[in-house]
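Could you build the full structure based on these sequences and the hints that come with them?
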Amino acid sequence: GQQVQQSPASLVLQEGENAELQCNFSTSLNSMQWFYQRPEGSLVSLFYNPSGTKQSGRLTSTTVIKERRSSLHISSSQITDSGTYLCAIQNFYFGKGTSLTVIP
Amino acid sequence: EAAVTQSPRNKVTVTGGNVTLSCRQTNSHNYMYWYRQDTGHGLRLIHYSYGAGNLQIGDVPDGYKATRTTQEDFFLLLELASPSQTSLYFCASSEGQGGTERLFFGHGTKLSVL
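Line by line, the protein sequences are chains A and B.
Going by the working numbering, the first sequence opens with residue 15, and the numbers climb by one from there.
Going by the working numbering, the second sequence opens with residue -5, and the numbers climb by one from there.
It is worth saying that the hints were derived from the structure and are not from the lab.
Please read all numbers here as calculations on a predicted model, not as lab measurements.
Note that beta-carbon positions come from the ideal geometry of N, C-alpha and C, so glycine has one too.
It cannot be assumed that every hint is accurate.
Derived lysine-lysine pairs resembling DSBU-like cross-links, with alpha carbons at most 30 angstroms apart [as the list claims (entries may be wrong)]:
#, chain 1, residue 1, chain 2, residue 2
1, B, Lys104, B, Lys5
2, A, Lys110, B, Lys5
3, A, Lys110, B, Lys104
4, A, Lys110, B, Lys59
5, A, Lys80, A, Lys110
6, A, Lys68, A, Lys80
Far from chain A, by Cβ distances over 12 angstroms, these chain B residues were calculated [said to hold, decoys possible]:
#, residue
7, Gly11
8, Arg18
9, Thr33
10, Asp53
11, Thr64
12, Glu66
13, Glu95
As C-alpha cells, then:
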C-alpha cells in the first residue's frame, strides 16, 4: 500500500498567502525529508527533519513521529515558490507531491 | 554540497534497445539510489547500493539491472528497453547507515523508449 500520502494534491495561492502542506506516513521512520521540484524537473533538498521543527527563511518543517505526520509551512508565498513539493521517508518512499502555483 | 552527476541528460532509444544510465557522486557517500518518476506515481525506488559491489532491490526493479563499480559510480542498465520504461530517472546519494541520511540528487535523465 501507499506508504506516504501528501495533501493537498494541488494548491493555488495568491502571492503573499501562506500554505500548509501535509505528509502522512503509514510506517515508523527515522528519516523524513522535504524536497522542492522545480518546474523543469530538478530536485532541491529543503529539510532533513526526522523529528521536531526546523525553519529556513519562509519555510518551516514540523515532524511529529507519534502522529506519523510532517508538515511544510510556507509563509508569504512568492511566485518563485511555484513547483512541486515532495516528502520522503527512509530515502525509500516518496509521496506523489503537492503542486503549488502562486499567482500575482 | 555533495555533487551527483548523471549522464546522459536525455536519451532516446527504440524498443528492445540497450541503455546504460550513469551516475557519479564525488563525496564518497556510502549509499546510492536509482529512482524513476512518472506522472501519478511520484518517485519510486528501482535499486540502491551501500557500497562498491553491493546491490539491493527497490520497489520497482523488474526490467532493470544495476551495478556499483566503485564508491563513486552507480549504473542503471536496461537491456531490453520497453516503452513502459519511458520516464524521468534520478540518481541520488546519501552518507551514513541505513539509507537514513539526507539525500542529494542528480539533475535527472529523461529517457524515451519508442
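So, going through the hints one by one against the coordinates:
no. : hint                   : verdict
1   : Lys104(B) to Lys5(B)   : holds, 6 angstroms
2   : Lys110(A) to Lys5(B)   : holds, 24 angstroms
3   : Lys110(A) to Lys104(B) : holds, 19 angstroms
4   : Lys110(A) to Lys59(B)  : holds, 25 angstroms
5   : Lys80(A) to Lys110(A)  : holds, 22 angstroms
6   : Lys68(A) to Lys80(A)   : holds, 17 angstroms
7   : Gly11                  : holds, 23 angstroms
8   : Arg18                  : holds, 17 angstroms
9   : Thr33                  : violated, 9 angstroms
10  : Asp53                  : violated, 7 angstroms
11  : Thr64                  : holds, 21 angstroms
12  : Glu66                  : holds, 18 angstroms
13  : Glu95                  : violated, 7 angstroms
In this structure, the hints that do not hold are numbers 9, 10, 13, in rising order.
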